[in-house]
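First to last, the protein sequences are chains A and B. With our numbering, letter number 72 in the first sequence gets 72, and the count goes up by one each step, no holes. Position in the second sequence (from 1) plus 302 gives the number in our numbering.
The set of hints was computed from the structure by calculation and includes no laboratory data.
Okay, the calculated beta carbon distance ranges per label pair:
| no. | chain 1 | residue 1 | chain 2 | residue 2 | range |
| --- | --- | --- | --- | --- | --- |
| 1 | A | Thr103 | B | Gly512 | 54 to 60 Å |
| 2 | A | Lys98 | B | Gly512 | 45 to 51 Å |
| 3 | B | Ser619 | A | Asp164 | 44 to 50 Å |
| 4 | A | Leu263 | B | Arg572 | 41 to 47 Å |
| 5 | B | Asp432 | A | Leu263 | 57 to 63 Å |
For each residue, glycine too, the CB sits at the ideal point set by N, CA and C.
Listed below, chain by chain, are the residues.
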Amino acid sequence: MTIRHCVAILCAIVAWTGSARGLDQRPVFRAGVDSVSVDVSVRNAGVPVPGLSAADFTLSDNGMVQTIDAIGLEAVPVDVTLFLDTSGSTSGLLNHLKVDLQTIAGLLRPNDRVRLLMFGYEVEDVFGWQPAGGPLPLDHVQVGRISSVYDAIFLALMRRPDVDRRHLVIALTDGVDAGSLIEASTLREISRRAEAVLDVVLLSSDPAPQLNAPSGWWSIYPGAGDRQLLIDAAALTGGQAHTAAFRDPVVSAFQQAFDDFRLSYLLRYTPAHVAHEGWHDLRVDVPGKNYKIRARQGYFGG
Amino acid sequence: VTRQSKRAESRIADVVRSHSGRRVFPKSHFGISPGREHAESESREPRCLKPVAGTALRAIPRDDGELVAKTLDAGPGASLARRTAMMATAMKHWLAVLGATTVLGATLPASSRPPDSATRDLLERYDRGDYDSVAAELAQSPHISSIRKDLDHSASAWAEMPAVGDVGRRRVVVATFGLEVARAQLETEWQAVRSLIETGCEIVRRNPPGLSERLWQLASVALAEGGMDAPLLLTGQHHLSHASASFPTEPRFRLAKIVMDEMFIDREARGEDLYPISLSTRARQSIVATSYKTLFDVPAIGAEAHLRAGYLRFQRSAADEALAEFIKAADLSDDPFVAYLAQFLSGRTLAQLGRSAQAEDAFRRALEILPDTQSASEALSAQLFSRGLPTEAYALVDRALVARPHPADPWRLYGYGDFRMWPRLILQLREALRAR
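Construct the entire structure; sequences and hints are all you get.
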């Protein structure tokens with residue numbers, strides 16, 4: 001290699017570094033080998049705390065304090081997975097929920113995306129990822145033949161967020177599971193390690209389900225109606241549970257969950273002094289303040 | 303007078319159809335959410351079902367003059383005098399209804415009037431072999447409920463219309479059209495459409511057993527299994543017994559009866575009154591397992607019987623016995639449904655035993671048989687994620703949610719017996735009608 005070649009390569013590196021620095025003005029968030037992003041909700045007396053900077057946070061990865069490279073708020077587009085429990089026990093709510101879903105879709109920002117999971121003969125992705133803004137194609141949404149709430153939440157959570165996007169899962173369910181392959185302990189474990197934030201809107205029971213629908217063949221086992229499990233699962237992802245009384249619009253519960261997520265901070269750091277592979281425990285704090293902080297508890301590296 | 307007469311006919315038909323009250327429990331009643339009220343409703347039973355012993359039908363006039371049917375429970379605890387009194391009351395009301403009908407000049411039973419024009423148009427197109435488009439229209443039709451009600455009353459009249467073609471063929475045509483209507487509303491109006499099956503059965507059984515009659519019975523039982531319909535499949539003079547009586551050597555009817563017994567174990571445990579004698583779950587499982595054994599050597603269904611016997615063992619935590627049954631099922635079957643489930647359930651059994659690597663292998667074998675199927679993808683994904691391999695776990699779920707493989711997930715259809723065969727059976731039935 002000649003000196004001329006070396007100079008050319010050096011110039012190219014300098015030029016690339018310059019452009020990369022320019023790009024750094026716009027935060028790039030991605031959980032991966034080199035950088036990790038963490039959604040952090042900071043609230044004071046129930047109200048989101050604005051205006052914090054990277055210096056206000058401490059973040060440790062497997063016990064090692066990390067340097068926060070970037071902090072983002074609001075601007076990062078959100079992918080929202082809505083899971084609508086269309087099992088027989090919520091069938092009396094179905095038409096109301098369809099109306100609510102259209103309203104919910106209208107609350108998303110232009111850069112956000114939405115997909116809808118519901119029950120049919122299995123957990124169905126009704127229309128795939130849709131850009132926000134347009135009406136949702138809900139004509140074919142009807143009472144499903146399964147009631148596998150844990151399965152649906154598992155399938156919703158099992159997704160690595162796309163580059164530059166965050167993933168929020170909102171489950172609208174009465175919390176009554178039947179016939180799931182995923183057991184309660186597994187759901188807890190998966191929630192602890194998921195890269196999405198789960199919020200659960202717990203619908204009150206339906207006093208008048210559609211009795212004309214045929215029954216399913218699932219088994220109902222002890223603990224299947226354990227709402228606390230879903231509340232715990234949400235908390236483990238850094239999300240929370242909301243409630244909606246029977247036939248109350250779930251829009252306000254969604255709005256609360258979405259706003260909370262939108263107003264949460266997104267911290268990015270490059271792990272240092274820890275092995276890339278394996279499970280990483282995360283701890284996030286705002287020292288000296290008595291804020292309520294919610295964030296996911298860890299991630300898989302490598 | 304004509305309008306009044308039709309109204310009276312309609313009332314009688316309603317009364318006949320509604321002769322048995324049945325409690326239907328929503329999911330919220332199954333003892334899992336204390337404090338929830340259970341809903342109780344009276345649903346319509348197929349018209350050819352006989353009242354079960356110890357019950358009496360009573361036609362009761364409402365304030366608005368309509369007649370409603372009500373089942374009065376005169377169960378084992380009721381005294382003979384009370385039961386006799388109830389039967390007498392019911393008889394008195396029946397006579398009153400019949401008398402009124404006669405006075406109004408209504409001499410034809412409700413089921414013998416011709417169909418309305420919209421139903422007739424669809425039916426005649428179906429008769430001419432326009433099967434696919436008629437079925438597609440029924441699936442999308444906003445008037446499907448009207449068509450169903452009309453057909454319920456007019457199927458027999460259409461089939462028996464004098465001097466119009468081969469009456470034997472017309473019977474199977476109208477009964478098959480009824481199945482298409484029932485399928486279009488299975489998920490939403492099962493309690494209403496189930497009577498179409500019994501009406502169709504009544505019409506088809508007027509023919510001597512033949513190919514199209516056999517296919518009709520197989521398709522109708524498959525549909526009833528899809529509806530998880532206890533009255534059609536288990537009780538008294540049920541539809542399945544009619545099908546079995548018409549085709550006594552048909553092995554799938556033998557299997558269907560035991561599959562439904564298996565599937566109703568949970569419902570019995572939840573308090574539904576399905577059998578003359580209530581048994582514990584364990585006792586019922588033993589009976590069903592023994593019944594499956596009797597089918598092991600029947601070539602057409604032996605593999606599936608092994609599979610289902612294995613699942614019963616799995617539920618009872620008899621893992622080794624379950625695995626042995628799944629291996630036999632896999633060895634004997636060339637049916638992807640059975641082969642997939644043999645691997646999938648082996649995987650679940652192995653996972654339960656903590657043999658994770660072997661469980662993963664079994665789930666992978668299941669996915670080789672039916673790629674991207676949700677149940678095995680999900681089970682394998684959970685195993686991989688727990689082992690710290692999220693990338694493959696995510697990819698499995700991504701593909702499973704997007705793929706929508708056909709046939710549908712065997713695990714989710716496991717409890718619906720031969721309902722999985724409905725798409726194939728209805729095509730065969732249409733072909734048989736075309737050739738007839």
